[in-house]
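A.B. asks: Following full-length UniProt numbering, the numbering of the sequence shown begins with 1 at its first residue and continues without gaps.
These are computed hints drawn from the structure, not numbers from a lab.
None of these values were measured; they are calculated from a predicted model.
C-beta: ideal position from N, C-alpha, C; glycine also.
Treat each hint with caution, since some may be false.
[What the hints assert, rightly or not] With beta-carbon atoms standing in for the labels, derived distance ranges:
| # | residue 1 | residue 2 | range |
| --- | --- | --- | --- |
| 1 | Asp197 | Arg49 | 33 to 39 Å |
| 2 | Ala227 | Lys198 | 20 to 26 Å |
| 3 | Lys78 | Ser350 | 34 to 40 Å |
| 4 | Gln85 | Ser244 | 22 to 28 Å |
| 5 | Lys84 | Gln194 | 19 to 25 Å |
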Amino acid sequence: MKKRLAWIIGGIAVIALALYFFLPKSNGLQDLAKQYDFHTVKRMDLSERIDATGKVLALDKKDLYADYDGAVEKVHVKAGDMVKQGDIIVTIDSATLKSQWLDAKSTLNQAKVNLTQTAGQAATELYLNQLSEKNALQLENYYQQAAIYREQVKQAQERLDALNARNDGYYMADNERLFIRAPFSGKVAWIQAQKGDKIDPQTLLATVMKPEGLIVEAQVDQNDISAVKTGQNALVTGKDDGQSQNPGVVTEISTQGREAGNVAGGQAASDIIDFPVRIRLDGATRGLMPGMMADVTVLAHELPDALAVPAAGVTRQNGRDLVKVRRQGRVVQVAVELGLKSGKYWEVKSGLKAGDVVAVPKPTVLAANPGAGTGKRGMGPFGGR
1 MKKRLAWIIG GIAVIALALY FFLPKSNGLQ DLAKQYDFHT VKRMDLSERI DATGKVLALD
61 KKDLYADYDG AVEKVHVKAG DMVKQGDIIV TIDSATLKSQ WLDAKSTLNQ AKVNLTQTAG
121 QAATELYLNQ LSEKNALQLE NYYQQAAIYR EQVKQAQERL DALNARNDGY YMADNERLFI
181 RAPFSGKVAW IQAQKGDKID PQTLLATVMK PEGLIVEAQV DQNDISAVKT GQNALVTGKD
241 DGQSQNPGVV TEISTQGREA GNVAGGQAAS DIIDFPVRIR LDGATRGLMP GMMADVTVLA
301 HELPDALAVP AAGVTRQNGR DLVKVRRQGR VVQVAVELGL KSGKYWEVKS GLKAGDVVAV
361 PKPTVLAANP GAGTGKRGMG PFGGR
């Protein structure tokens, strides 16, 4: 009887031990949640990203000036406004222009009077006197004077027309008011003028650009330049509140490196070489203006629909890449083969499948145990695959 009881007690103990070790425990799951963030392995588009800093340049722009001294009467637009060809940008009040306009108009009127009088004198001479050797010379003199006055009328008219409307459509003048107009449809990049400003022919009033004419010249580190190719896609971060991502394409790569300096053009560091890379921005841009410095990301290698795992969940031990995976309420360590490493997510070629749940140590755990999640000694024991 005692022997039978011992067998029963022993069997119960074995079952209890089995349940303890093999059944998930709720407090164990809670402990795991305190130690790890869990991420589901899934497919996504990956790319190798090369970060750089670049300067925004305008390929197609026009700086607007006035050809006369004067004062700014009105500014009709502000920086960033879209304008159509011929739209008024700035109105200038110019006494100099008025003086020249009145002088040109007076010259034209006088030339017309001289021409009319000379033509009349020639007609009268021919009507009153029969043609003779004497009056023939006088008539020839009238005709020569008429030709001179006719040329003066032409030149005076051209001068007045030039004051009223420049041939290139740059601006139009009306007496003493000068209208600075948009030379083409585009965006107002800069407005330098303010109402009441005194200006002269050297004063820059505004700059108009074509939005599709922007490029960025980025400085790519010598260690990354070999991965950059023409035709690769790029993203340029705008300076607007939303930090808009402006798409572009790599169009030129310089073969001549230069010493790198800080983004403000400070002291160069001779041991660092950058290579200029030009990126053409596609379509209208947001948050970018000529002269700005901007953050650039070149998508050097793009891999669509790749099986990806958080980079923070990968450790390296004894020459192997390892990932912690949650299985049956426990965290086990699995060897994986990695492919493209792209920022926060890396490609997994083998060792995991879509739907697996990867355990990434929380920052607080890493701080308390520097070996955790780094592949260094000090990492706690985990089961194998």
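A.B. asks: Does each hint hold? Answer for all of them.
C.D. replies: Consistency of the hints with the structure:
no. : hint                        : verdict
1   : Asp197 x Arg49: 33 to 39 Å  : 45 Å, violated
2   : Ala227 x Lys198: 20 to 26 Å : 53 Å, violated
3   : Lys78 x Ser350: 34 to 40 Å  : 58 Å, violated
4   : Gln85 x Ser244: 22 to 28 Å  : 27 Å, holds
5   : Lys84 x Gln194: 19 to 25 Å  : 23 Å, holds
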